[in-house]
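Q: Quick mapping for you: the protein sequence lines, in order, are chains X and D.
Everything in the first sequence is counted per this note's numbering, starting at 5 for the first residue and increasing by one.
Everything in the second sequence is counted per this note's numbering, starting at 5 for the first residue and increasing by one.
These aren't lab readings, by the way, just hints derived from the structure by calculation.
By construction, the Cβ of each residue, glycine as well, lies at the ideal position given by its N, Cα and C atoms.
Keep in mind that a hint or two might mislead.
[Stated by the list, open to error] Sample of chain D residues with no beta-carbon within 10 Å of chain X, all distances over it, derived: (1) Glu131; (2) Leu190; (3) Pro246.
[Claimed, not checked] Stretch by stretch, here's where chain X covers chain D in the computed footprint (C-beta under 8 Å, at least three residues): (4) 67-81; (5) 84-92; (6) 153-164.
If you want the building blocks of each chain, they are given just below.
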Amino acid sequence: MAVWWWLSERELVNPIFLPKPVQVWAAARELCADENLWLDVQASFLRVTAGFLFSAAIALPLGVIIGAFRVGEAVLQPIMEFVRYIPVPALIPVLMVLFGIDEFSKIMLIFIGTFFQLVLMVADEVRRVPNDLLQVSYTLGARRGEVLRLVLWRGAMPGIFDALRLCNGWAWTYLIVAELVAANEGLGYRILKFSRFLQTPQIWVYLLILGVIGLALDFAFRRFNARVFHWADTTKR
Amino acid sequence: MKLEVRDLEKVYASRSGFTHALAPTSFEVSSGEFVCLLGPSGCGKSTTLFAIAGLDEPTRGEILLDGQRVRGPGRDRGMVFQNYTLFPWLNVIDNTRFSFELEANIDRSSTCAEVMTQIGRASALLELMGLSAFERALPRELSGGMKQRVAIARALTNQPKLLLMDEPFGALDSQTREEMQDMMLLLHAHETMTVIFVTHDVEEALYLSTRILVFSPRPGCIVRDLAAPFGMHREPALKLAPEFMRLKRELLDLLRQPRTGDGHHGDRFRKLITETKLPSTP
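With the hints as constraints, model all of the structure from the sequences given.
A: This is the structure we're talking about:
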């Protein structure tokens with residue numbers, strides 16, 4: 005804050021690019037009164053949530069299959085690894101051709117950006133459950149399905165939820181990418197629009213809002229994980 | 005209860021070739037025995053135990069429990085591992101009761117009374133282990149010795165025909181280890197049970213067991229079947245008795261001897277591989 009204030013007051017950086025804190029504050033007050041801000045936040049939030057939930061809903065079972073069964077690993081893992089290395093923004097033209105430029109293509113972009121990473125992270129977490137725990141369950145009379153449900157899934161859950169936390173962060177990144185390309189509302193769209201008119205204080209306000217949302221979600225995830233998975237030895241993670 | 009191990013043999017395939025872990029091994033264990041499998045590391049004693057548990061498929065040979073061939077893990081053989089294997093998300097009592105919720109248990113004991121007996125048994129075992137005060141504690145809050153006591157209690161709730169233990173006190177400090185040994189003696193006297201206990205510690209084997217099977221280095225086979233002549237009631241002072249010391253010396257000497265006749269085994273080994281059609285390594 006101090007550095008920012010000092011740099012902008014002395015106008016060491018072109019004031020068009022680095023506005024003064026006072027200007028940003030004024031812009032923030034102005035924008036808060038404008039209902040567009042809240043519509044943007046709402047639109048972006050809905051998109052991220054839809055893409056993220058869609059991705060998680062498919063990635064979780066698939067990740068467990070890859071992590072638990074050798075067949076699943078042999079068949080699915082190479083595909084996932086391959087797609088994972090295709091930069092998501094490079095897929096935008098393909099997505100636009102396939103799904104048009106409406107809501108669904110944005111959600112798909114978030115889905116593709118997070119899904120392949122998440123699948124592999126979930127598989128890793130499932131593999132990380134100690135083999136001893138599986139063996140001991142079998143000697144206690146558990147069947148395969150029970151071991152999968154009661155031991156592998158339960159044991160991998162803290163790691164999986166931590167992966168979801170990271171993934172939510174990436175979802176926001178891809179949201180902005182999607183909105184910069186084509187949208188009529190949303191935080192990314194608004195930033196692009198402000199930049200066309202060189203309204204840097206407004207851009208800064210939106211960037212700060214993005215930061216605050218990210219921080220809040222991360223904090224919520226952490227609190228949730230710490231409470232639900234209090235049994236996990238957090239020092240080892 | 006009668007366990008028969010017949011010509012059990014194990015060859016592991018690895019990247020660097022084949023490892024002959026266990027040469028054909030046969031022995032029998034009957035009800036109430038406390039058998040220690042003693043030997044240097046890599047002698048196949050754990051392999052034998054895992055095969056009895058049904059967690060490891062033997063290359064050859066078979067294992068019969070009361071005449072029934074062992075085909076996989078089951079609740080009639082409880083197992084305690086060297087590593088701590090409590091489910092970290094369950095507290096002590098829920099860990100102990102883990103097997104009650106399983107389908108295998110629901111199929112078997114349908115009556116309410118039986119379930120109540122089981123629940124009572126879990127609590128009684130924890131009390132016997134001195135863990136009543138820790139029923140609600142999570143595994144991460146327990147010491148190593150306590151974790152292993154819970155693991156033993158959990159293995160016993162199913163009333164298994166056999167309790168299999170794979171160096172269960174290997175990770176504990178020497179004082180806790182001695183406490184656990186005395187507890188095992190008490191438990192063996194209190195519950196009429198049959199134990200197969202893997203260890204590389206001669207003193208531990210002599211102190212705990214009614215019978216010791218000594219394994220040679222790899223490929224392992226039984227070189228000595230020794231009955232421990234110390235009766236059922238034992239105290240730590242026994243470890244200083246002349247007879248105990250003499251047997252300890254004898255077993256230590258036996259373990260130090262290198263295995264002879266490798267050439268002969270090489271031939272047998274090749275024959276075994278061609279017969280069992282293991283995948284060849286590139």
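Q: Take the hints in turn and mark each one as holding or not.
A: Outcome of the hint check:
1. Every C-beta of chain X lies more than 10 Å from that of Glu131(D), the closest at about 20 Å, which supports listing it as non-interface.
2. The claim that Leu190(D) lies off the interface holds: its Cβ sits roughly 23 Å from the closest Cβ of chain X, which is beyond the 10 Å cut-off.
3. Listed as a non-interface residue, Pro246(D) keeps its Cβ farther than 10 Å from every Cβ of chain X; the least gap is roughly 40 Å.
4. With 5 residues bearing a CB less than 8 Å from a CB of chain X, the segment 67-81 of chain D meets the requirement of three and the coverage assertion stands.
5. Only when three residues or more bring their CB closer than 8 Å to a CB of chain X does the claim for the segment 84-92 of chain D stand; here the count is 5, and the claim holds.
6. Taking a C-beta to C-beta cut-off of 8 Å, the segment 153-164 of chain D contributes 4 residues in contact with chain X, enough for the three needed, and the coverage statement holds.
The structure fails none of the hints (numbered hints given earlier).
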